[in-house]
Amino acid sequence: MLTYFLCLVLFCVGLYAVLRKRNIIKIIIGIGIIEYAVNLFFVLGGYRIGSRSPIEAVDQVILNKVDPMPQAFASVSIVVGLALTVLLVTVGIRIYEKYGTFDITRINKLKG
Amino acid sequence: MSVLPGLILVPLVAAFVIALAGENLRRLGAGLIVAVSGFLAVFSLRLGLGLQGTIQYTSGHGKLPGLMLMVDGLSAFMLCVMNLVAFFVAIYSVAYARKYVGQWKFFCLFSLFLTGINGVLIAGDLFNLYLFLEVVAVTSYFLVAFGTDAEGLEASFKYAVMGAVASAFILLGLALFYLYAGTLNLPDMASVIMLRGVSKPILFIIVLFIMGFGLKASFVPFHAWLPYAHSAAPAPVSAMLSGVSIKVLGLYAISRLFFNVIGINPQIAWTFITIGTISMVAASTLAFAQTDLKRLYAYSSIGQVGYIALGLGIGTPMAISGALLHLMNHSFSKSLLFLASGRIEEAMGTRDIRKIEGLTATEPVAGYGTLVGALSISGMPPFGGFWSKFMIIFGCVQGGHPVFAMIAAFTAILTLAYYFRALSPVLFGVERAKPAKRAGALIAVPLSALAILALIGSCILFPGPFNRLFNEASRTLLSGPQYLSQFSVGFKS
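Line order of the protein sequences matches chains R and A.
Counting from 1, position 50 in the first sequence corresponds to residue 50 in my numbering; the numbering is continuous, with no gaps.
Counting from 1, position 460 in the second sequence corresponds to residue 460 in my numbering; the numbering is continuous, with no gaps.
Just chain R, same shape as in the assembly (with noise of 0.2 angstroms):
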C-alpha cells in the first residue's frame, strides 16, 4: 500500500512543478515525472508479489507469473512521451531564442 502511495506522491510532486515553476525547463521535467509516476503505478498494478516474468520456456510452466500487459502498455507509452519530451525542449529552445528569457509570465504575447 505504501508503495501506490509514493507513486501518488509523486504524481503530485509533478503537478506542482507544471503549475507552480515558473521556469520552461523545470515544466518540463514536472511533465517527465508526472509521466514517470502514471507508468510506475501502471507496472506496480500488475505485479504480483514472489512472482516473476512471464518468459517461458517450452516445456515449463510457471505458477507466479507477473502481469505482461501493464509491462507493455508502460513501455509503449514511454516512446509516447519521449516524442513529448522532445517535442517541448524544442519548443522551448525556439522561445528562448524569440523571447530571451525561460520565465513563463514573461512569455505573453498572447492575450487571453
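Because the hints were derived from the structure by calculation, they are not lab data.
Owing to the predicted nature of the structure, the values given are computational and were not obtained by experimental measurement.
Take the hints with a grain of salt, since some may be wrong.
Stated by the list, open to error - Looking from chain A toward chain R, a few residues come up when the C-beta cut is under 10 angstroms (computed): (1) L131; (2) E134; (3) V135; (4) Y141; (5) A145; (6) T148; (7) A150; (8) S156; (9) V161; (10) S167; (11) L179; (12) Y228; (13) E345; (14) M348.
Quick reminder that beta carbons are idealized off the backbone N, C-alpha and C, glycines included.
Given chain R, work out where chain A should sit, using these hints.
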C-alpha cells in the same frame, strides 16, 4: 482480410514516403496529401454508406491479445464527416503551405494527423484509442508551432503542457481500469461493467476521463488552451483543430466511453448538462470582447461544443440526434470560417476585425464563405446549424428540462448577436478602393465546397442512404453498453 487497417496504414505510409522524399521531390508532398485524403474520404463514404451492422478486425492470433479495430454506425458516421473535412482542408493547405520553407514537413505532419484521427475512430480497445490520441496530440503541438513565430511557439508550449497533463490523467484512468477489469478491449469492458455495476473505482475513473477528455474537447473549466492554439496556428491547422481534433479526441471519445462502455446514468448525464450549459453561456459571453477574428471563432467553438455536450446529456433520441447533427454542421462551418480567415489574413495583412471592411466586395470567396459559416453557426433558418440547434432545444423540452431549453435558445440569440456585431462591418462595411487579387482554384474550391456542405448539411434528415447512416450513429449511442457488450469475446475477471 479486412479493409480496416487501410484507414490507418495508407496515411501512415504516405507520411513516411513524404519524409523520405523530403526536399528532393517538392511536388510529391502536396500531390500525395491530396491523393491520400481524397482516398480516405471516398473510402470512408463507401464504407459508411454500405455498412451492414459492424465490421471488426483483430490482428494477432491465439492467446495473444492483438490490435482490435471496429467500425460501427457511430464511427462510420464520424469517419465520413471528418475525412470529408480533412480532404478540403488538405486541398487548401497545398495553396497555404507555399509560404513555408520546408513544405514537406507540413504535409508529413498532416498525414500523421490523419493517421491518428482515423485510428481513434476505428480503435476497438482503449489503449489503441489512447495511443492514436497521442499521435494526434503530438502532431498538433508541432503543427501549431509550424510558423515558428513567437505567438505560435508560445501557444504550442502552453497547449502541449496542458495536453500532456490531460493525457497523463487519461493514462491514469486507463491504468486503473485495466487493474479493475483486467481488460482494455471496449466490448469486454462494457461486459465487465454490466456485470459488476458502476462501483466506486469506476466513479473515480469517470472523473479522470472527464478531466482528460474534457480538456481535449475544451469544455469550459478546461478550455484555456483553445483560444491560444486556435488563434496562433496556421489557418489549415486551426481548421483541423477546431473542425476535427476537438470532435474526435474529445466528443467522440467521451461519448463512446460514457455511452457505450460505462453506460449513462443520472450523475454522468447531469455532469454533461452542467458542463455544456456553462460552456455555452461563458464562451458566448467572452466572445463579445474579442477583436481578433480567429479568437472570436475559437470562443465560438467552445460554445458550440457546449451545445453538443448539452444534447448528449439530455439523452432523449431527439437531443442525441441533434447533438450528432450539430457536431457535423459545426465541423463543416467552423473549418470553413477558419480557412476563410486564413485567406482574409493573407489578403488584408491583419486579423483585427476593427481594421477589415467590405470583404464581400473586395474578397468575394472568403467574404461569402465567412457569411455562410457565420449564419450556419449562429443558427439562421435555411442553414444547417438551425436544424441541429432546433433539435437540441426541442430535445431539452421533450426530456423535461424547459429551463435548459430556454438557456440554449437564449445562447443561440447571443451567438447571433456577437457574430452580427463582429462581422457586419467586416463583411459589408465601406468598400475600400483596394484592387482584389483573385483567389486561386486551390482556395476557392474547398471554401465553396465547405460552404455548400454547411448549407445543405441538415438534408441528411431526409430519407436516403446518408439518413440511414446518421440514424445508425444515433442508435449506437442510444443502445448503450448492451450494444457494445454483444461483441465481447469473453474476458478474464
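Here's how the hints hold up against the structure:
Hint on L131/A holds. Least Cβ distance to chain R is approximately 7 angstroms, under the 10 angstroms limit. For E134/A, the interface hint holds, since its Cβ comes within 10 angstroms of a Cβ in chain R; the closest pair sits about 5 angstroms apart. This hint holds: V135/A has a C-beta 8 angstroms from the nearest C-beta of chain R, less than the 10 angstroms allowed. Satisfaction of the interface hint for Y141/A is found here, the shortest Cβ-Cβ separation to chain R being roughly 6 angstroms, below the 10 angstroms cut-off.
The beta carbon of A145/A is positioned within 10 angstroms of a beta carbon in chain R (closest approach about 6 angstroms), and the interface hint is therefore held. Because the smallest distance between the Cβ of T148/A and any Cβ of chain R comes to about 6 angstroms, under 10 angstroms, the interface hint for this residue holds. Hint status for A150/A relative to chain R: holds, with the closest Cβ pair at about 4 angstroms, below 10 angstroms. Taking 10 angstroms as the C-beta cut-off, the interface hint given for S156/A holds, the closest approach to chain R being about 5 angstroms.
Of the supplied interface hints, the one on V161/A holds, with its beta-carbon coming within about 6 angstroms of a beta-carbon of chain R, less than 10 angstroms. About 8 angstroms separates the beta-carbon of S167/A from the nearest beta-carbon of chain R, less than 10 angstroms, and the hint is met. The closest approach between the C-beta of L179/A and any C-beta of chain R is roughly 4 angstroms, which is under the 10 angstroms cut-off, so the hint is satisfied. Hint on Y228/A holds. Least Cβ distance to chain R is approximately 5 angstroms, under the 10 angstroms limit.
Residue-level restraint check for E345/A is violated (minimum Cβ-Cβ distance to chain R is 16 angstroms; threshold 10 angstroms). Taking 10 angstroms as the C-beta contact cut-off toward chain R, the hint placing M348/A at the interface is violated, the least distance being around 20 angstroms.
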